[in-house]
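Okay, here's what each chain looks like letter by letter:
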Amino acid sequence: MKSLEEFVELFAEQFDETDASVFTPQTVFHDVEEWSSLTGLSVIAMVDEEFDVTLKGDDVKTSVTIEDLYNKVISKL
Amino acid sequence: MAFLQIKNVEMVGVAGGVPKQIVPTISTTSKYGAEDFVATTGVAEKRYSNEFTTSDLGLAAAERLIADLQWEKNEIGALIFVSQTPDYILPATSCILQDRLSLSKDCYSLDISLGCSGWVYGMSVISSLMQTGMIKKAILIAGDARKQCFEEADQLFGFAATATALEYRDGADGFQFHFGTDGSGYDAIIKPVGGCRNQVTAENLVPKMCEDGRMRHGFQTHMKGLDVFAFGITTAPKSIKKLVAEYNLNVEKIEYYVFHQANKKMNETIRKKLKLTEEQVPYSMTNFGNTSSASIPITIVTQLKDKIKSGKRTEFIGCGFGVGLSWGTIHFTTENLVISNLVEL
Numbered sequence: 216m217k218s219l220e221e222f223v224e225l226f227a228e229q230f231d232e233t234d235a236s237v238f239t240p241q242t243v244f245h246d247v248e249e250w251s252s253l254t255g256l257s258v259i260a261m262v263d264e265e266f267d268v269t270l271k272g273d274d275v276k277t278s279v280t281i282e283d284l285y286n287k288v289i290s291k292l
Numbered sequence: 218m219a220f221l222q223i224k225n226v227e228m229v230g231v232a233g234g235v236p237k238q239i240v241p242t243i244s245t246t247s248k249y250g251a252e253d254f255v256a257t258t259g260v261a262e263k264r265y266s267n268e269f270t271t272s273d274l275g276l277a278a279a280e281r282l283i284a285d286l287q288w289e290k291n292e293i294g295a296l297i298f299v300s301q302t303p304d305y306i307l308p309a310t311s312c313i314l315q316d317r318l319s320l321s322k323d324c325y326s327l328d329i330s331l332g333c334s335g336w337v338y339g340m341s342v343i344s345s346l347m348q349t350g351m352i353k354k355a356i357l358i359a360g361d362a363r364k365q366c367f368e369e370a371d372q373l374f375g376f377a378a379t380a381t382a383l384e385y386r387d388g389a390d391g392f393q394f395h396f397g398t399d400g401s402g403y404d405a406i407i408k409p410v411g412g413c414r415n416q417v418t419a420e421n422l423v424p425k426m427c428e429d430g431r432m433r434h435g436f437q438t439h440m441k442g443l444d445v446f447a448f449g450i451t452t453a454p455k456s457i458k459k460l461v462a463e464y465n466l467n468v469e470k471i472e473y474y475v476f477h478q479a480n481k482k483m484n485e486t487i488r489k490k491l492k493l494t495e496e497q498v499p500y501s502m503t504n505f506g507n508t509s510s511a512s513i514p515i516t517i518v519t520q521l522k523d524k525i526k527s528g529k530r531t532e533f534i535g536c537g538f539g540v541g542l543s544w545g546t547i548h549f550t551t552e553n554l555v556i557s558n559l560v561e562l
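Protein sequences, first through last, are from chains A and B. Taking the numbering used here, I'd label the letters of the first sequence as residues 216 to 292. Taking the numbering used here, I'd label the letters of the second sequence as residues 218 to 562.
Careful, some of the hints might be misleading.
[Stated by the list, open to error] Which bits of chain B does chain A cover? Going by a derived footprint, with three or more residues having C-beta under 8 Å, they are:
#, region
1, 245-253
2, 433-444
[Said to hold, decoys possible] Residues of chain A placed beyond 10 Å of chain B at every Cβ, according to the derived structure:
#, residue
3, Ala227
4, Glu228
5, Asp234
6, Ala235
7, Phe238
8, Asp246
9, Leu256
10, Ile259
11, Glu264
12, Glu265
13, Asp283
14, Asn286
To be clear, the hints were calculated from the coordinates, so they are not data collected in a lab. Because the structure is a prediction, the values reported are computed rather than measured. All residues carry an ideal CB built from backbone N, CA and C; glycine is no exception.
Assemble the whole structure, with the sequences as input and the hints as a guide.
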């Protein structure tokens, strides 16, 4: 199973213009300037590929920090 | 398990009709630019016109196809119209098309209300009708175009209608299908007003701010993009794998996988999950957008016309998935497929 740190790294890879160093488990990702529904698609695809977990739109919308989202992924494993 | 095998029916022709007006992608939200939208969805431009209904485009495609096949119109025994943009709430558009196409009154006509999965479902219905040989020739018209109320061109969806011609032939390989439905996701893609659940009122026609920062009224399509995306990338590969396993299909022999043209990100994810090459998976979304139930045949018409050689057996898998939620996968083989030139109105 991938750790929270690995998840944050994978999450950061979905962004083209935002530096990876910006992202921590506590990052409120909806507030990241580059975040949009298009990045949301990339995150869902990444979780599907790396964890074989299907996130719902609401899982992404109701998560505040990257750690929240990681916990939702883990709960679906 | 919703598997289906139909023998003795062959797909003999396909044509597409689109508006000639090309609309490039522009940015309609402050959340991302046109460039990012194109990079993610793959849709650089699409066909749009408020002048033609789906049936106008479908009629033009069918006329061209019938002429190219040199069919006699009175031989056509069934006409199925798959669309969610019919001419009227009633009567069925297929009835109107029977007359506009000057088909015989001895004609079975039926409308099917499905979108992204619609062509595959339409193929199963029309080939089932034909398999006993009572109906020898039939036409399936599928697509979506002009809406109930005037709308500017959508950034993702393009207008198109297609005609697919089928013939009864004793001994033909026919088709294999897999189907699925999950109505719990009925509101993932929905036009909430205009049917009988939410009646037409003046208030329902007032545009309201949606979650994505765009204004829409009740007659417009509302979509939960992330949910649809998650659905597509998981359901489509599974459906294809199930069909291949059920009928022991030799994947080495399948030349093209023609997917519903949802968006590039979704289709590329599906392609990679199935470990398919880029050559095996043609895309029409770049120039035509997501064309709903027209997307699989319009991709064949616009991307494969020069690649499919007449007289050479070509095996395909087609997979449609989306609004419903509904999905379907078809395996079919063509040998002398007539692909008409794209009809532009």
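Outcome of the hint check:
1. Given as covered by chain A, the region 245-253 of chain B passes the check, having 3 residues with a CB less than 8 Å from a CB of that chain where 3 are the minimum.
2. With 4 residues having a Cβ less than 8 Å from any Cβ of chain A, the region 433-444 of chain B passes the three-residue criterion, so the hint holds.
3. Remark: the non-interface label on A/Ala227 is consistent with the geometry, its nearest Cβ contact in chain B lying 17 Å away (cut-off 10 Å).
4. Remark: the non-interface label on A/Glu228 is consistent with the geometry, its nearest Cβ contact in chain B lying 15 Å away (cut-off 10 Å).
5. The non-interface label for A/Asp234 is consistent with chain B: the shortest C-beta to C-beta separation is roughly 18 Å, beyond 10 Å.
6. Here A/Ala235 stays apart from chain B, with its beta-carbon at least about 19 Å from theirs, past the 10 Å limit.
7. Annotated as non-interface, A/Phe238 keeps its C-beta farther than 10 Å from every C-beta of chain B; the closest such distance is 19 Å.
8. At roughly 13 Å, the least C-beta separation between A/Asp246 and chain B is larger than 10 Å, which holds for a residue marked as non-interface.
9. Once the 10 Å rule is applied to beta carbons, A/Leu256 is inconsistent with being away from chain B; the minimum gap is 5 Å.
10. Residue placement check: A/Ile259 does not keep its beta carbon more than 10 Å from all beta carbons of chain B (closest about 5 Å).
11. At roughly 8 Å, the least C-beta separation between A/Glu264 and chain B is not larger than 10 Å, which violates its mark as non-interface.
12. For A/Glu265, the non-interface assignment is confirmed: its Cβ lies about 12 Å from the closest Cβ of chain B, beyond the 10 Å cut-off.
13. Distance check for A/Asp283 against chain B: the nearest CB is about 16 Å away, which clears 10 Å, and the non-interface claim stands.
14. With a cut of 10 Å on Cβ distances, A/Asn286 stays outside the contact zone with chain B, its closest approach being about 18 Å.
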